[in-house]
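Novice: Residue numbers (the numbering used here): 1 to 122.
Treat the hints as calculated values from the structure; they're not laboratory data.
Any given hint might turn out to be false.
Derived pair list, reagent style DSBU-like, types lysine-lysine, alpha-carbon separation capped at 30 Å [said to hold, decoys possible]:
1. LYS85 x LYS20
2. LYS84 x LYS107
3. LYS85 x LYS107
Computed Cβ-Cβ distance ranges for the label pairs, DEER-style [unchecked claim]:
4. GLY104 x GLU33: 27 to 37 Å
5. GLU11 x HIS44: 35 to 45 Å
6. LYS42 x ASN12: 27 to 37 Å
7. ALA103 x GLY77: 35 to 45 Å
What you are looking at is a predicted structure, and each value in this text was computed from that prediction instead of being measured.
C-beta: ideal position from N, C-alpha, C; glycine also.
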Amino acid sequence: MNIDCFVSTVENLCQKLPDKIFEGLNLGIGISEEIKLHPKTKKHKAPLYIFGEYRYGIHTGCGILLYYGSFINAYPGISEELLKKKIEETLKHELMHHLETQAGERKLAIADAMRLKGYCDT
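I would like the entire structure built from these sequences, with the hints used as guidance.
Specialist: Structure below.
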């Protein structure tokens, strides 16, 4: 999947979601060609790719960044259909972070931290 198809996929997925989900997401959804690895990636283990990030700042606002390069590097040779499912999962995950932040919740952030701890402890 090339970058243009990736962008189109994200746009199509967003159009299928209710507008209310995007309220307060003033920075929108950005796409980076970067391959982003988590800083705690261990050399002797499989890479810990970052596929998306929810960013929140009091002075900057809220936004989501998806890493095209991470998807392409992590899933070489994957079918386009399956890659679109992975993109959708990541987009919805990051949107859930947004909704939880607006509601003052942190359950998903805690679950993410626990998954990372599991990776680091093995």
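Novice: Of the hints stated earlier, which fail here?
Specialist: none
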